[in-house]
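K.L.:
Those sequence lines, one after another, are chains W and H.
All you need for our numbering is the position in the first sequence, starting with 1, plus 298.
All you need for our numbering is the position in the second sequence, starting with 1, plus 298.
One or more of the hints may lead you astray.
[Claimed, not checked] As a list, the in silico DSS-like pairs of lysine-lysine whose alpha-carbon atoms are at most 27 Å apart:
hint : chain 1 : residue 1 : chain 2 : residue 2
1    : W       : Lys570    : H       : Lys533
2    : H       : Lys533    : H       : Lys570
3    : W       : Lys618    : H       : Lys456
4    : W       : Lys622    : H       : Lys456
5    : H       : Lys508    : H       : Lys450
6    : W       : Lys545    : W       : Lys570
7    : W       : Lys450    : H       : Lys533
8    : W       : Lys622    : H       : Lys533
9    : W       : Lys533    : W       : Lys570
10   : H       : Lys618    : W       : Lys512
11   : H       : Lys618    : W       : Lys622
12   : W       : Lys618    : H       : Lys450
13   : W       : Lys618    : H       : Lys508
14   : W       : Lys622    : H       : Lys512
15   : W       : Lys670    : W       : Lys560
16   : H       : Lys618    : W       : Lys456
17   : W       : Lys560    : W       : Lys570
18   : H       : Lys618    : H       : Lys353
19   : W       : Lys533    : H       : Lys570
20   : W       : Lys456    : W       : Lys508
[Stated by the list, open to error] To spell it out: a stretch of chain H is covered by chain W in this simulated footprint if at least three of its residues, at any positions, have a beta carbon under 8 Å from a beta carbon of chain W; those stretches are:
hint : stretch
21   : 430–438
22   : 491–500
23   : 692–701
[Claimed, not checked] Distance windows between CB atoms, simulated:
hint : chain 1 : residue 1 : chain 2 : residue 2 : range
24   : H       : Arg395    : W       : His625    : 44 to 54 Å
25   : H       : Arg395    : W       : Lys570    : 56 to 66 Å
26   : H       : Asp406    : W       : Ile628    : 39 to 49 Å
27   : W       : Ala617    : H       : Ile628    : 50 to 60 Å
28   : H       : Arg571    : W       : Tyr516    : 37 to 47 Å
In short, the hints are calculated from the structure, not lab data.
Since we're looking at a predicted model, the values are computed, not measured.
Beta carbons: idealized from backbone N, C-alpha and C, even for Gly.
2 protein chains.
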Amino acid sequence: MMVGSVARKTCVHGDRDLDVFMLFDPALPREDLEREGLALAWSIAQQYTDIIREKYAEHPYLNATIDGFDVDLVPCYQVKEATGIQSAVDRTPFHNRYISSRIGDFTDDVLLLKQFVKAGGVYGSDQMTEGFAGYLCELLVLHHGGFHNLLKAAAGWKPGMFIDIEQHAAKWFDEPLVVIDPVDPCRNVSASVSDTKLLEFIELCQGYLKSPSKWFFYRPPICILTEEEVSALLKGRESAFLAITLKTPPYIEDIVVPQLRKSLHTLVDLLKRHEFVVIRADTWMLEDRSMLLFELLVDTLPAVRFHAGPPVTAHVNAAKFIDKYIHSDIIFAGPFIRDGRYGVELPRRYRQASDLLSSNEVFGTALGKHVKHSMKDEFVVHSGLECWQPGFEPFISEFLQKSSPLVRIRRAEARTS
Amino acid sequence: MMVGSVARKTCVHGDRDLDVFMLFDPALPREDLEREGLALAWSIAQQYTDIIREKYAEHPYLNATIDGFDVDLVPCYQVKEATGIQSAVDRTPFHNRYISSRIGDFTDDVLLLKQFVKAGGVYGSDQMTEGFAGYLCELLVLHHGGFHNLLKAAAGWKPGMFIDIEQHAAKWFDEPLVVIDPVDPCRNVSASVSDTKLLEFIELCQGYLKSPSKWFFYRPPICILTEEEVSALLKGRESAFLAITLKTPPYIEDIVVPQLRKSLHTLVDLLKRHEFVVIRADTWMLEDRSMLLFELLVDTLPAVRFHAGPPVTAHVNAAKFIDKYIHSDIIFAGPFIRDGRYGVELPRRYRQASDLLSSNEVFGTALGKHVKHSMKDEFVVHSGLECWQPGFEPFISEFLQKSSPLVRIRRAEARTS
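Make a model of the complete structure from these sequences and hints.
P.N.:
Rendered as structure tokens:
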């Protein structure tokens, strides 16, 4: 069964993805499905090409390059009712049927919307962009009756927006945008849309309605900086840049990127716990290497740090704490009472943020599983201009020129008018 | 009428204060009371001494030095019922009568307790120490039936303790310790006792019951540091010390010290708003000069700072914000969306904490009235070792060796055993 935007004629120019779902009897055990399904996929793909990769999402599938198309061959179950869905891929044929039978004259509107969210930088079928996936675009166009009507509605959205086309929601969701899947009452189609991406989409809708231009459909090119420009920008900001680079774990973006994000957040927390103030942080994944980038207010802290102990009224622990420190040679001051607790001023273990990020403390945090595995193997901490690593130039350029999608568009208009 | 601890025979060694309250007819208007009362006080005091000062609390009074005693001559109203009280001083005769008629054999216990809280550094009839005043000590001894019984009870106290001897509380209080005034159901006698002072008192009670020593009654001497020692300590901590000194406003401690504290807190907030992290801060008042002392994690911040604007969904203000910054030359990056709002990265106005504290921004904060007046006249910002100003050596020495009262006592025991 052919599924996805090609099957539904809602693929936009530049899309060269083709999804072929191979439907098996649900009575077949999962392991047999994977083994037989993959074997069949291999035998089919090999008839057309030599460029074949086994990939892993929730389950293994084949990715082949055939006549310049990126073809996924995905074994899944042919379930009769959406309620019989066993894994994410089983759901796709239902989406296909739902959209195909209703899309009618709205295919052009879907194409417009997909181009609009792509150019605006809020498109994304994956976790990497936290954006608006193709199926979500199709549903929104269907629900609001076309591209322009959707934009007029969305310009007034606020986070907390709830859309339930089939009026059958069977669960509570608290994501910023909730669009209940018409074929699955327990699923939010826009679960991966972040608060910021939703607001960026709203901003784009408002901006387009106020004053449209071609830049809403042609992504303004990123201005890639030179090393000299980056050096000047870092000197100007006077903040401290640190980056961790690691080998990209051998899994698809949909799996690796959420883990990079999780790792980024847990390392930001680690830095904060050690009193380093993080101005901004972001992560990027390339084929071979991935980067966690941190901008700090300062990267060097004084020797003294406050260490909070037990509450004064927790008698046993309070007495232990005092015994431990009262005749200690290493303390600067204390024990004294602050905010209801005993505390002492001790020498700081990590005065340099780079020492902290290079230490074993990073493995005591909630790193993503595959990221942790890769970092256990090897990772590098870069400081200042060293963060300007090959391949990451577009990422760091965007980081340093960070602006909202509408601002990017308005600036492109100003440059070209 | 003689009032206070001398009248009640509960004054401790070293107390050389004598309060003489001059009782006037409540029918006399307030202005006449002040004028006639002060005139009478002057004529009495001049018969004994030349050392006479007019002072101002809630109302003016005379302070005279007579035979080495510090004598206050305080005009007030002779009201029949406590409910007729017009100002704080009118209440004192009622306290006097309440305690005198009940204290009986407990005078020694009160003396012990007052010496105990003085030596422990939690005594204080004023706002400066936020501690246990004489009248509070008397009530606690009366209520618990002696010094030792009080200590046994207080060792188990927690903040939120409530004592209402006459069972007549007519108001809700949320201070850490509430002891309803037996002569005024709307007054908390321990209103000025801070959370930390209460916990320090509890700590002292526990420590004394566990292992008493003479140091619970003889305040361990402060180790006053030399300039070389201070210099070494500051170098060791590697943090940043800043101090503001100003002329002490010409009012009594009870008025000036709360204003210094208020000013300290508002300036800590100012520093925080400008992203300076304050490790500790404290204030001290001398006869002529007062000091606000700040220890910062770092005193220099980078050029870049994040400036948060309006929520993205506040359309009008959001559009204004973007218009203001989109083609600005001064921004580092932005506008972009963060936490639901637009924001930009701008050059920081105050990169040095000392510049901030020297600027007019300090007068935009909620400084105490008299402190503000004095600072408008003149104030000096000191950095690092410059904070070691004449007269403030004991204050800064204690700041750098900060420890809880019990820790101070245990260390004194260790030194002398």
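K.L.:
Against this structure, judge whether each hint is valid.
P.N.:
Checked hints:
{"no.": "1", "hint": "W:Lys570 - H:Lys533", "verdict": "25 Å, holds"}
{"no.": "2", "hint": "H:Lys533 - H:Lys570", "verdict": "24 Å, holds"}
{"no.": "3", "hint": "W:Lys618 - H:Lys456", "verdict": "19 Å, holds"}
{"no.": "4", "hint": "W:Lys622 - H:Lys456", "verdict": "24 Å, holds"}
{"no.": "5", "hint": "H:Lys508 - H:Lys450", "verdict": "11 Å, holds"}
{"no.": "6", "hint": "W:Lys545 - W:Lys570", "verdict": "25 Å, holds"}
{"no.": "7", "hint": "W:Lys450 - H:Lys533", "verdict": "62 Å, violated"}
{"no.": "8", "hint": "W:Lys622 - H:Lys533", "verdict": "25 Å, holds"}
{"no.": "9", "hint": "W:Lys533 - W:Lys570", "verdict": "24 Å, holds"}
{"no.": "10", "hint": "H:Lys618 - W:Lys512", "verdict": "23 Å, holds"}
{"no.": "11", "hint": "H:Lys618 - W:Lys622", "verdict": "58 Å, violated"}
{"no.": "12", "hint": "W:Lys618 - H:Lys450", "verdict": "21 Å, holds"}
{"no.": "13", "hint": "W:Lys618 - H:Lys508", "verdict": "14 Å, holds"}
{"no.": "14", "hint": "W:Lys622 - H:Lys512", "verdict": "24 Å, holds"}
{"no.": "15", "hint": "W:Lys670 - W:Lys560", "verdict": "11 Å, holds"}
{"no.": "16", "hint": "H:Lys618 - W:Lys456", "verdict": "19 Å, holds"}
{"no.": "17", "hint": "W:Lys560 - W:Lys570", "verdict": "15 Å, holds"}
{"no.": "18", "hint": "H:Lys618 - H:Lys353", "verdict": "55 Å, violated"}
{"no.": "19", "hint": "W:Lys533 - H:Lys570", "verdict": "25 Å, holds"}
{"no.": "20", "hint": "W:Lys456 - W:Lys508", "verdict": "18 Å, holds"}
{"no.": "21", "hint": "430–438", "verdict": "violated (count 0)"}
{"no.": "22", "hint": "491–500", "verdict": "holds (count 5)"}
{"no.": "23", "hint": "692–701", "verdict": "holds (count 4)"}
{"no.": "24", "hint": "H:Arg395 - W:His625: 44 to 54 Å", "verdict": "49 Å, holds"}
{"no.": "25", "hint": "H:Arg395 - W:Lys570: 56 to 66 Å", "verdict": "58 Å, holds"}
{"no.": "26", "hint": "H:Asp406 - W:Ile628: 39 to 49 Å", "verdict": "44 Å, holds"}
{"no.": "27", "hint": "W:Ala617 - H:Ile628: 50 to 60 Å", "verdict": "56 Å, holds"}
{"no.": "28", "hint": "H:Arg571 - W:Tyr516: 37 to 47 Å", "verdict": "42 Å, holds"}
In the structure shown, a violation is registered for the earlier hints numbered 7, 11, 18 and 21, in ascending order.
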